[in-house]
Amino acid sequence: MPYGRRSDRSSPSFDELLAEGAAVPTAGWDFSWFVGRATEARPSWGYARAVAERLGGRPGREVEAVLDVQTGGGEVLAFALDEAGRAVPGRRRPALVVATEGWAPNVTKAAGLLRERGGFLVASADGPLPFADGVFDLVVSRHPVKAHWEEIARVLRPGGSYFAQHVGPRSAHELVEHFLGPQPAERLDARHPERERRDAEAAGLEIVDLRAERLRMEFHDIAAVVHFLRKVVWTVPDFTVEAYLPQLRALHERIRTEGVFTAHSSRHLFDARKP
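Each residue of the sequence shown is one higher than the last, beginning at 1 in our numbering.
Source of the hints: derived by calculation from the structure; they are not laboratory data. Where a beta carbon is used, it is the ideal one built from N, C-alpha and C, also for glycine. Careful, some of the hints might be misleading.
[Unchecked claim] If you anchor each label on the Cβ, the simulated ranges turn out as follows:
no., residue 1, residue 2, range
1, Arg197, Pro130, 23 to 29 angstroms
2, Val145, Val241, 22 to 28 angstroms
3, Thr26, Asp189, 26 to 32 angstroms
4, Gly159, Pro237, 51 to 57 angstroms
[Stated by the list, open to error] With a straight-line Cα cutoff of 30 angstroms, these simulated DSS-like cross-link-like pairs (lysine-lysine) come out:
no., residue 1, residue 2
5, Lys109, Lys146
6, Lys109, Lys231
7, Lys231, Lys146
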């Protein structure tokens with residue numbers, strides 16, 4: 001999410017804030033609406049620009065075919081393609097640019113962004129990848145719901161790479177537990193990077209680099225919480241304003257008293273290679 005906090009806001013009521021957060025469109029991964037209402041620190045590695053560098057390639061190791069798994073609204077891949085062209089003058093884009101996305105509100109947006117850049121969007125739910133073996137030099141993904149390691153390894157060419165930013169363990173657990181209560185360790189640690197390392201290696205991939213960071217999140221009003229939970233749907237999977245009205249009211253009062261609700265996201269960067 002972007003940084004900054006609006007100082008010119010009046011003091012809307014609880015009901016007005018709920019209505020505002022419930023009315024914001026959720027398609028795509030554009031978080032600009034949160035400016036002034038919520039912040040989230042960014043990982044130090046700068047994922048989107050790092051993908052752009054990968055797309056730029058190196059002499060003798062150009063990327064000819066790239067796949068973005070669970071692309072969301074296509075914003076990250078579109079940015080990376082544009083930056084790659086600027087960063088490496090004369091370097092053409094990969095000949096094959098493909099992304100998958102299974103959430104209907106994102107499909108149209110992502111298809112348009114990629115079409116403008118010579119790419120393609122395949123509407124595909126999370127699961128087996130609808131591609132032949134050994135098609136891609138590079139597979140990327142930002143915040144996949146789940147990494148299907150055997151499928152990733154299958155569609156990579158020998159020597160190809162998987163470069164991705166994953167959501168880590170206990171991400172935003174302070175927010176999760178406010179709404180759902182204490183969670184079992186199995187859920188909290190399901191995305192642990194070392195567990196994913198073992199799964200990737202079991203699928204035949206070599207881990208070149210694996211880095212993890214925990215990052216501060218701040219919510220400055222309850223509208224931001226409502227929009228976040230509607231947009232990042234796996235945080236509280238059955239969230240609706242009506243179902244969680246008592247928890248929302250309690251959190252609204254806490255933010256009014258303390259000025260901010262603080263949580264922490266967890267991210268890790270995977271750089272894996274197919275031998």
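State, for the Cβ atoms of Val145 and Val241, whether the hinted interval 22 to 28 angstroms holds or is violated.
Roughly 23 angstroms apart at Cβ, these two residues keep to the hinted range, so it holds.
Do the Cβ positions of Gly159 and Pro237 conform to the proposed distance bound of 51 to 57 angstroms?
Violated - the Cβ-Cβ distance for Gly159 and Pro237, about 38 angstroms, lies outside 51 to 57 angstroms.
Hinted pair, alpha-carbon criterion (30 angstroms max): Lys231, Lys146. Please report holds or violated.
Since the Cα atoms of Lys231 and Lys146 sit roughly 17 angstroms apart, the hinted pair holds (cutoff 30 angstroms).
Measure nothing beyond the straight line between the CA atoms of Lys109 and Lys231; if it is 30 angstroms or shorter, mark the hint as holding.
holds, 15 angstroms
Measuring from beta carbon to beta carbon, are Thr26 and Asp189 in 26 to 32 angstroms?
holds, 28 angstroms
Does the structure keep Lys109 and Lys146 at a Cα separation of 30 angstroms or less?
The given pair, whose Cα atoms are some 22 angstroms apart, holds under the 30 angstroms limit.
With 23 to 29 angstroms as the target window, see if Arg197 and Pro130 comply at their CB atoms.
holds, 27 angstroms
Consistency note: the structure conflicts with earlier hint 4 alone.
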